[in-house]
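Asker: Numbering that gives the first Met the number 0 puts the first residue of the sequence shown at 0, with every later residue one more than the last.
Treat the hints with caution; some may be incorrect.
[Said to hold, decoys possible] With a cut-off of at most 27 Å between alpha-carbon atoms, the simulated BS3-like pairs for lysine-lysine come out as follows:
| # | residue 1 | residue 2 |
| --- | --- | --- |
| 1 | 155 | 184 |
| 2 | 184 | 119 |
| 3 | 119 | 57 |
| 4 | 144 | 57 |
| 5 | 98 | 57 |
| 6 | 184 | 79 |
| 7 | 57 | 155 |
| 8 | 144 | 98 |
| 9 | 57 | 184 |
| 10 | 79 | 155 |
| 11 | 57 | 79 |
| 12 | 184 | 144 |
| 13 | 155 | 119 |
| 14 | 119 | 144 |
| 15 | 144 | 79 |
| 16 | 144 | 155 |
| 17 | 98 | 119 |
[Stated by the list, open to error] Estimated spans, in silico, between C-beta atoms of each pair:
| # | residue 1 | residue 2 | range |
| --- | --- | --- | --- |
| 18 | 118 | 54 | 20 to 26 Å |
| 19 | 128 | 69 | 30 to 36 Å |
| 20 | 105 | 81 | 37 to 43 Å |
| 21 | 83 | 113 | 16 to 22 Å |
| 22 | 111 | 168 | 30 to 36 Å |
| 23 | 129 | 70 | 37 to 43 Å |
| 24 | 173 | 121 | 15 to 21 Å |
| 25 | 53 | 129 | 28 to 34 Å |
| 26 | 67 | 115 | 18 to 24 Å |
| 27 | 114 | 63 | 29 to 35 Å |
| 28 | 117 | 170 | 17 to 23 Å |
| 29 | 128 | 158 | 41 to 47 Å |
Keep in mind the hints are simulated off the structure, nothing from the lab. Glycine included, every Cβ here is placed at the ideal spot set by N, Cα and C.
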Amino acid sequence: MCFNNLFHFYMHQLKAVKKISGINHLTGSPKQVPGMVSICFCIIFFITGCRQIDLYEKNTSIPNYSWSTSFIPQGSFEIKDSSSFFNIYVVLRHTDAYKYNNIWLNVGLQSPGDSMYYQKVELTLGSDASGWEGVGMNDIWELRKPLTDRPRRFIKPGTYHYSIQQIMRDDPLPHVMSVGLRVQKMN
0 MCFNNLFHFY MHQLKAVKKI SGINHLTGSP KQVPGMVSIC FCIIFFITGC
50 RQIDLYEKNT SIPNYSWSTS FIPQGSFEIK DSSSFFNIYV VLRHTDAYKY
100 NNIWLNVGLQ SPGDSMYYQK VELTLGSDAS GWEGVGMNDI WELRKPLTDR
150 PRRFIKPGTY HYSIQQIMRD DPLPHVMSVG LRVQKMN
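Let's have the full structure, built from the sequences with the hints guiding it.
Answerer: Quick look at the structure:
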């Protein structure tokens, strides 16, 4: 991916150098653009453009858009840097026909070598006054809600496991399309 970006950037710089080259209208002599400028741009682009994005996101589709309490999406992600802070989000996609302004979830998180810790979470999806939160297209709405009120640090490096269960009174809960978790390292 980085090589492809670097190649396209270099080709763009080469075209720019060819456009700039030509005749200097003041002196009548050929213009020359140092090749080092193009090489420096390429090196800077390579260094800044190929940084790893510390992000994990996995969304699980809900069968028939009807979320049963027995259907518990699960996943795992790798934490390598235990000194950094991370934002954790629940990502939820629902239809406009979803009949509540909120959803209750039981979110489990398991640290390497530990047992699963569960947290009951209420996510506000919208209000009668202002409508749905998030981004909508036609009758589909997607939102990203923070799972914690502030960024958190993971104690140990390693593989973390999670689960997300709906704990609303309706079972199955209709009009929920997908649910997932997003873990993003703070810069």
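Asker: Of the numbered hints stated previously, which ones are contradicted by the structure, given in increasing order?
Answerer: As far as the earlier hints go, 20 and 23 are violated by this structure, in ascending order.
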